[in-house]
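Residue numbers (this note's numbering), protein chains in the order written: chain A, 1 to 47; chain B, 1 to 223; chain C, 1 to 479.
For the record, the hints were derived by calculation from the structure and aren't laboratory data. Using N, Cα and C, we set each Cβ at its ideal position, and we do this for glycine too. A few of these clues could be false.
Unchecked claim - Here are some chain A residues pointing at chain C (derived, C-beta under 8 Å):
(1) Phe19
(2) Ile22
(3) Tyr26
(4) Tyr27
(5) Glu37
(6) Lys39
(7) His40
(8) Arg41
(9) Leu43
To be verified - Under the rule of at most 27 Å between Cα atoms (straight-line distance), these lysine-lysine pairs were calculated in the DSSO-like manner:
(10) A:Lys34 to C:Lys227
(11) B:Lys6 to C:Lys150
(12) C:Lys154 to A:Lys32
(13) C:Lys227 to B:Lys6
To be verified - For each label pair, taking beta carbons as the anchor points, the in silico distance ranges come out as:
(14) A:Phe9 to C:Tyr429: 46 to 52 Å
(15) B:Ser161 to C:Ile149: 53 to 59 Å
(16) C:Ala146 to B:Leu19: 22 to 28 Å
(17) B:Lys141 to C:Tyr429: 27 to 33 Å
(18) B:Leu13 to C:Gln294: 29 to 35 Å
(19) C:Glu298 to A:Phe9: 45 to 51 Å
(20) B:Pro33 to A:Lys30: 51 to 57 Å
(21) C:Thr314 to B:Gly159: 53 to 59 Å
(22) C:Asn380 to B:Leu13: 41 to 47 Å
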Amino acid sequence: MNSSALFYFLFTLLLSVIFGGIIRYYYNPKRKQKIEEPKHRMLDDEQ
Amino acid sequence: MGITSKPVVFAVLSAAVILIGSTVTVFIPLFMPSTQPVSAYVKPYTSVELEGRDIYMREGCNNCHTQTVRPLRTEVLRYGEYSKPEEFAYDRPFLWGSRRTGPDLNRIGGKYPDSWHYRHMQSPQSMFEKSNMPPYGWLAKNRLDTSNSYKKTSILGYGFSEQDVQVQISQYRSKVTADTYLSKETRDLVTPAELHHELTEMDAIIAYLQKLGRDVKNLETKK
Amino acid sequence: MSETGTEQYNFKIVRSFAFSALFWLVIGLIVGLWIAFEMFNPALNLAPWLSFGRLRVVHTNGLGLGFGLAGIFATSYYILQRLTRTALPFPRLAQAHLYLFNTTIALAALSLMAGMNTTKEYAELEWPIDIAVVVFWVMFAINVFATLIKRREKQMYISLWYIIAMTIAIAILYIVNNLEIPVTLFKSYTVYAGANDANVEWWYGHNIVGFIFTVPILAMFYYFLPKSTGLPIFSHRLSIISFWALNFAYLWTGAHHLMLSPLPEWIQTVAIAFSIFLIAPSWGSVINGYYTLQGNWEQLRTNYLVKFFIFGITFYGLQTLQGPLQGLRTLNAFFHFTDWVVGHVHMGTMGWVTMIISASFYYMIPRITGNQLYSIKLANTHFWLILVGQLIWTITMWIAGIQQGAMWKATNPDGSLMYSFLDTLTSLYPYYRLRFAAGVIYFAGILIFVWNLIMTVRQAPQKDEAEQPIQNKELQSWG
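Just chain A, with the same shape it has in the complex (with noise of 0.2 Å):
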């Protein structure tokens, strides 16, 4: 492998584990409740 595959390779590895961990973030059921809340409080500011 040269250098240039490797760099490739360890920047996507990077970005996944980015990307992984944002999603286990949201995804983490202790935050559904507040997480989702904004979705509702916008359907009701109609008078």
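For this one, chain A is given, so just place chains B and C on it according to the hints.
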């Protein structure tokens, strides 16, 4: 909860996220000489060619004609040698285009004599009945405005003195208005009599078209 | 002061921008029909300012910047006030924004017809107009951020994130790509040369499409779909993931417009990789849209607005699959520079963008005028005409593109080219005629749309039509 209740933080974070890809793929390459290499064989446009290029831009020729031959077999067969990065070192802006309603022009220089272009610009349909190119005969009725030519080349850093620019303009005028000019007959046909001894916009755009790809062709013939 | 209920939402500005959008939509489409006709009948190039090369940019700028931006400003001013439960802090600034915007677009159209054209796609405007664009953008941004800072709703709903991202991204893209050195008042040269200029331009060109034709349209989609159906969006957290992934990945992909060009190969490769990744966040929004209607699909029949949203997001889904595929080197070698790409763009603009803006206007205009929509029947006719017009339009161009690409590549057994360039061009004229006819159908739909909204406003009561008190009962006071 988190950043969705902090608009300023949210905005800063958005900007940061947006700037990462921009920096890596666009801003950093700006400072890498390998993105746009410069080669001695590629010469900047003369003032007349540059004025022609500005007319090409003004008329939006780039909306139908590309100026990049891709390294594909049939494309090289159709247009000629594929485009090299160094050819574009003096192109501000680049005119690669995105759509080929008409053929690619990156190798048009020297392909046809000037007379072909005068006739074709005057009336594309007279040469190709089914062509959908707009006629540009009116360019021959406009005297070429060279009042900003020096300013233009100096902004672009072509390194011409004011005198160089004057010489380029008068030389090209002498060339196309001379009795010995090979395309004289066609030029006189499309140009109004009062402009026979002046440079027109048509002269300039043809000068520009004849420059496209010439440096590459010259290099090849030298080899 | 705000607690007393005397503060008023400013919906006058929403209405003004909405009708500005409709105006530029009609103008842009007339120009579009004109140049579509020129494609098979060059006799229509009657004068320099009517020639294809000059008019094509009037069409793209008129619809992208005129219709698109005005539609975005109208809906953003509405969504912002509603979701924050806060009146616009600087209504006079918004009014100035409106005047400057319309003046700028008018001058833009005239200057392009006069041949003042920098040739950088979707950034053709000369430097004085660029400055005007930046000024009205800053005016808009001030109201956006001031409203958000003053807001009475603690959490920002999805649509607001998209509006924030758009406000920032467009500013960065527009300024960086339009850095130029003036020669005269009407002429300038870009500061970038050759391959760098190409790279900057397509970073801009791709993302201006992203942040005008995707991001704010998603803001509308995420707001008006739940509002017009009464159904909460399927998943707020999915939208969070989609949002950040989209914003991050979009900016890497501009060079897929420059495949096989003299641009360094690594930039092209990175662009393809991120383009493929972009399918994920794009489809995140598609899934969110579809699942929102889960169990309530009968609304597609009973609620005339749902059609616009569901077909719109479907075209968005197709668009975001087609785009990355076109970026792949082998497919790009075939399709690039052909009419296929023209078809691709128009599915996005005529399908996704226009359908969502249409539905958003149908939702907003009756509410801010306090009146019923003039005719739901006409709205349905509008829908079917623009759907059929768009489908014929894009499918025709896809077929034309395939034929064009194949003819360019075709060789005889001896290895020589089978068709001249002109052979290929003339074989496309039947498609160009059909495309024009499809455009007429589409335009008829748009005229009905405009008529419907004009009649809705005209029958509205003239007094206090654009002002409604803010409901205080559920307000959270904080800050």
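Query raised in the report: Minimum Cβ distance from Lys39 of chain A to chain C below 8 Å?
Result: Holds - the Cβ of Lys39 of chain A comes within 8 Å of chain C, reaching about 4 Å at its closest.
Query raised in the report: Keeping to a limit of 27 Å between CA atoms, is the pair of Lys154 of chain C and Lys32 of chain A held or broken?
Result: The hint holds at about 17 Å.
Requested in this report: Take a quick look at whether Lys227 of chain C and Lys6 of chain B sit within 27 Å of each other, Cα to Cα.
Outcome: The hint holds at about 24 Å.
**Report entry** Outcome of range test on Cβ distance (Ser161 of chain B, Ile149 of chain C; 53 to 59 Å)
**Finding:** For Ser161 of chain B and Ile149 of chain C the Cβ distance comes to about 56 Å; the hint holds.
Query raised in the report: Quick one, is the Leu43 of chain A hint okay against chain C at 8 Å, beta carbons?
Result: 6 Å, holds
Query raised in the report: Would the hint on Phe19 of chain A stand, with a C-beta cut-off of 8 Å toward chain C?
Result: With Cβ-Cβ at 7 Å, under 8 Å, it holds.
Requested in this report: Check the following: the C-beta atoms of Glu298 of chain C and Phe9 of chain A are separated by a distance inside 45 to 51 Å.
Outcome: At roughly 49 Å between Cβ atoms, Phe9 of chain A and Glu298 of chain C fall inside 45 to 51 Å, so the hint holds.
Query raised in the report: Cβ-Cβ distance between Phe9 of chain A and Tyr429 of chain C: within 46 to 52 Å?
Result: Since Phe9 of chain A and Tyr429 of chain C have Cβ atoms about 50 Å apart, the given range 46 to 52 Å holds.
Query raised in the report: For the hint on Tyr27 of chain A, does the least C-beta distance to chain C fall short of 8 Å?
Result: Constraint on Tyr27 of chain A satisfied, holds at 6 Å.
Query raised in the report: Within a Cα-Cα threshold of 27 Å, do Lys6 of chain B and Lys150 of chain C meet the stated pairing?
Result: 11 Å, holds
Query raised in the report: Between Thr314 of chain C and Gly159 of chain B, does the beta-carbon spacing fit 53 to 59 Å?
Result: Holds, at about 56 Å.
Query - Arg41 of chain A as chain C interface residue, shortest Cβ-Cβ below 8 Å - result: 7 Å, holds
Checked against the numbered hints listed earlier, the structure breaks none of them; every hint is satisfied.
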